[in-house]
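Student: Since the structure of chain A is already known, use the hints to place chain B on it.
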Amino acid sequence: MSERSSRLLGPRLAIVVAGLTLAALPLVVRSDYVTFLLTQAAVLYLVALGLNVLTGYAGITSIGHGALVTIGAYALGIATVDHGWPFWGAMATSAIVAGLCGLALALPAFRLSTWYFALITLGFGSVVSGLITELDWLTHGFSGVVAIPKPSLFGMTLQGRGLFWLVAGTGFAAFLVTRNLIASRFGRTLLAIKESPLTATSVGVRIGAVKIGTFIYSAALAGVGGAFYATNQGVITPDDFTIHFSIFFLLVIVLGGLGSLHGPLLGTAAFFLLPYLMTSLHEWRLLIYAVGLLVLMIVFPQGLAGLLALLARRFNRKATRICLAASRTEIPSVEGARLVMAAVSKRFGGVEALADVSLTVEPGAIRGIVGPNGSGKTTLLNVVSGYHKPDSGRICIDSTAVESVSTVTLARQGVRRTFQTPKLIPHLSIIENVMFGAYSVEQASLVAIALGLPSARREARARRAEAMQLLRFVGLAAHAETSVGEATHGQQRLAEIARALVGRPRLLLLDEPAAGLSLTELDGLKSVVRAIAASGTTIMIVEHHLELIADLCALITVVDRGRVLKAGPPSAVFADPEVLATYMGRRAIARQND
Amino acid sequence: MGEIIVQGVTMAAIYALVAVSLNIIYRPTNIFNFAQGDLLMVGALLAAVLSRGYAVQWYAAAAFAVGAVALLAVIIDIVAVAPVIARHGEGAGWIISTLAASIIIHEIADKLAGPDPRVLSAPPPLQTTPTDFGAFSASSFQLGLVVFVCGLVAATEMFYRTRPGRAVHAIAEDREASLLRGINPRRVTRLSFAVGGAVAAVAGILAAPILFASTSLGWLLLLKGFLIVAVGGIGSNGGAILAALIVAMIEAVTARTLTPGLQEAASFAVVLAILLVRPQGIFGSAAGRAV
Chain A
1 MSERSSRLLG PRLAIVVAGL TLAALPLVVR SDYVTFLLTQ AAVLYLVALG
51 LNVLTGYAGI TSIGHGALVT IGAYALGIAT VDHGWPFWGA MATSAIVAGL
101 CGLALALPAF RLSTWYFALI TLGFGSVVSG LITELDWLTH GFSGVVAIPK
151 PSLFGMTLQG RGLFWLVAGT GFAAFLVTRN LIASRFGRTL LAIKESPLTA
201 TSVGVRIGAV KIGTFIYSAA LAGVGGAFYA TNQGVITPDD FTIHFSIFFL
251 LVIVLGGLGS LHGPLLGTAA FFLLPYLMTS LHEWRLLIYA VGLLVLMIVF
301 PQGLAGLLAL LARRFNRKAT RICLAASRTE IPSVEGARLV MAAVSKRFGG
351 VEALADVSLT VEPGAIRGIV GPNGSGKTTL LNVVSGYHKP DSGRICIDST
401 AVESVSTVTL ARQGVRRTFQ TPKLIPHLSI IENVMFGAYS VEQASLVAIA
451 LGLPSARREA RARRAEAMQL LRFVGLAAHA ETSVGEATHG QQRLAEIARA
501 LVGRPRLLLL DEPAAGLSLT ELDGLKSVVR AIAASGTTIM IVEHHLELIA
551 DLCALITVVD RGRVLKAGPP SAVFADPEVL ATYMGRRAIA RQND
Chain B
1 MGEIIVQGVT MAAIYALVAV SLNIIYRPTN IFNFAQGDLL MVGALLAAVL
51 SRGYAVQWYA AAAFAVGAVA LLAVIIDIVA VAPVIARHGE GAGWIISTLA
101 ASIIIHEIAD KLAGPDPRVL SAPPPLQTTP TDFGAFSASS FQLGLVVFVC
151 GLVAATEMFY RTRPGRAVHA IAEDREASLL RGINPRRVTR LSFAVGGAVA
201 AVAGILAAPI LFASTSLGWL LLLKGFLIVA VGGIGSNGGA ILAALIVAMI
251 EAVTARTLTP GLQEAASFAV VLAILLVRPQ GIFGSAAGRA V
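Those protein sequence lines, which keep their order, are chains A and B.
Mapping to the numbering used here: the first sequence position 73 is 73, numbers consecutive.
Mapping to the numbering used here: the second sequence position 225 is 225, numbers consecutive.
So that you can see chain A by itself, here it is in the shape it has in the complex:
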């Protein structure tokens, strides 16, 4: 308990101290102008925070975030000044309108490469700045919206310090929500979207929905930022919102450190410490931003947060905590699925990857699939797990017809797989990667996670315990906190199997699990696979290591050029002259017989 509380207390204490320091700032400076600038910095922070979730974590670059701020600012200005709305209603409108714009941009973009989105946001920025001057009946054109009111709370008008506390408080709350989300399955999903989308699909993530949600969250924060911007300035004109604005936000998060929780704060602070850059060098501002962006991207893409982390590591070498409980534990039993493939064919252009393949795997059995390179083994796994649709034939997993459901649905129904080369999320630790496997079975809602409710925290603890148990099961408990980048190839393979097990698979597909393993690791793999099958899970294993297959499987299937060559017990199949000929060539066999 004491260890856990000290681990949690450190960051929490730091956050409380940071919050109190921020709150005390305007009491210390006592200058209206500096308070105004501090409020401005808090606005920038709010926008940068949302942009960092989108660009830093999910890897989706937005060059139009300034336009979303513009929309938020104008929505507030028009609603309060021209229509006499109260501030709070107008601010909600800012968030909603900006969020809707985010949705409109995201809908076509979420199926495309990230650079499409970058250009779409660039075009969006250009369109918005054109429309702001064009639609002068709405936006007052170049004369702008003037006399934007300050918000009031309990009959008190918030200005100066009060406004700063409101904006900084909102920024603080947004930070806490963002932090909770990033530490949850949603945060892991964002990293998976950036680094390895296939991994996300394999554990049952609907990538599109998560991407759209992220866009909307980030856009709504920009909208709220715009509303605060407008009220702090009091006047908004088209000149406030040039392309500089969008580039500026990018620079803040790149400077702070892309994909780092504290990056936006560091970036904003760095900019605030250089206030003269904003005024005296006005003419050269954009050029300086751009040179800064380029130099950072080339020389130090981790930004200030990366620099601090580097220093912290140098001064504070943490002793790796070693879990000695390496004894193997049991995993809960499941009801294995029955797999039936009937006359399945799949072509890629002129290549017949699968031709008329039929096979049945009984629940709880381990079926080995062997065959030379390019014989269609991986395609076989891909059609069973739904990554490819077969051209003809039927595949049934229990009563589910694979052709008619999506990969994600299959993963959620307990069809899990590993990949030929382990696909783990590089920036996470082994245990966090394993926890990602629980994506589709986790129950805590978005709101519960965002607010850090006890139910969400309880579940997070339970998931961690479950992941730990599975790591113990595969023999990786000692390496739970190792980052993927430092893990050996063998450890990565076992971690991927552990991740697949979190989904409580009824059918587990292993794609060459033994490739690149050492002899001791092979023994470990063998007993792990046996124990998984003993728990009830049906296993299909594609492998080149014939001894392993012969040891593990009661029945094996040999495929060659997309066709089933032979099926049966290993002893019979490996003695078959046709199989031998496929593996060693006819001439080699003839020579052997001579």
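Be aware that one or more of the hints could be misleading.
[Claimed, not checked] Partner residues aside, some chain A positions facing chain B, computed with beta carbon under 7 Å: (1) Thr61; (2) Leu103; (3) Leu107; (4) Leu112; (5) Thr114; (6) Trp115; (7) Ala118; (8) Val127; (9) Leu131; (10) Leu286; (11) Leu287; (12) Leu294; (13) Ile298; (14) Gly475.
Source of the hints: derived by calculation from the structure; they are not laboratory data.
Each residue gets a CB set at the ideal place from its N, CA and C atoms; glycine is no exception.
Tutor: For chain B alone, kept in the frame of chain A given last:
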């Protein structure tokens, strides 16, 4: 009617040229160079400043501009693209680094040349004054432009069928595997940047007699070029021609009814709608899955 068609086809030729220059860099690298518009703008400005209207000087100025921009494109590769690809591999750090390069070039050009548009004449002996052909009237420059773009696209497509052309595709597919086949991906990338830069400069020089040479030409045509490759399918030059015709015709038709700001918003909305239905563009092929 005839006027709308001539106007549309002329703009389509310019847009297609921009799209082709984007595709040339995209094919071996899978990178969309955000600084492409600024390369084009620098080409147009250099040619406009150097040429004085005489035939020899025009071609000398154009040749110098094309060479200088090709060099600039290679510098972008060396400074902003190669180090980022080397470090991040498949990541999208190049979006930010080429965007930064774009702003740097734009800002420096703005400081040196000022925002005022400059005149660049059509390549002699072609003229921008229209001749009446009965049903429609077109200038000799417009006719020459269309013929030139068609020829360039045909030549580019023919190149990609040759052995070095196939090497470009091999690199796009797998940079490391192409090394095993004796192709040097860095050299091909650098060459593609040079050629893509040269074509961008040509696009700028040929756009200038119609749109004028100014620092705002860059982002304007970059965004048009993006709309074209998004609709036509990135990497497809045939698709680029058809998409350029579609976009330019929509613009020519709406030019009379909508103000410029609304026109931009309208064509943006149309492209978003097309991408919603066909994310890979009208002529692009869906990417294969990599398991």
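Student: If a hint holds in the structure, say so; if it does not, say that too.
Tutor: Taking the hints in turn, this is what the structure says about them:
1. Thr61: holds (5 Å)
2. Leu103: violated (12 Å)
3. Leu107: Given a least distance of 6 Å, the restraint on leucine 107 (chain A) holds.
4. Leu112: holds (5 Å)
5. Thr114: Where the cut-off is 7 Å and the nearest Cβ of chain B is about 5 Å from threonine 114 (chain A), the hint holds.
6. Trp115: holds (5 Å)
7. Ala118: holds (5 Å)
8. Val127: Cβ of valine 127 (chain A) sits 5 Å from chain B, so the hint holds.
9. Leu131: Nearest chain B Cβ about 6 Å off; hint holds.
10. Leu286: holds (5 Å)
11. Leu287: holds (4 Å)
12. Leu294: holds (4 Å)
13. Ile298: Interface hint status for isoleucine 298 (chain A): holds (5 Å vs cutoff 7 Å).
14. Gly475: Violated: closest Cβ of chain B sits about 27 Å from glycine 475 (chain A), beyond 7 Å.
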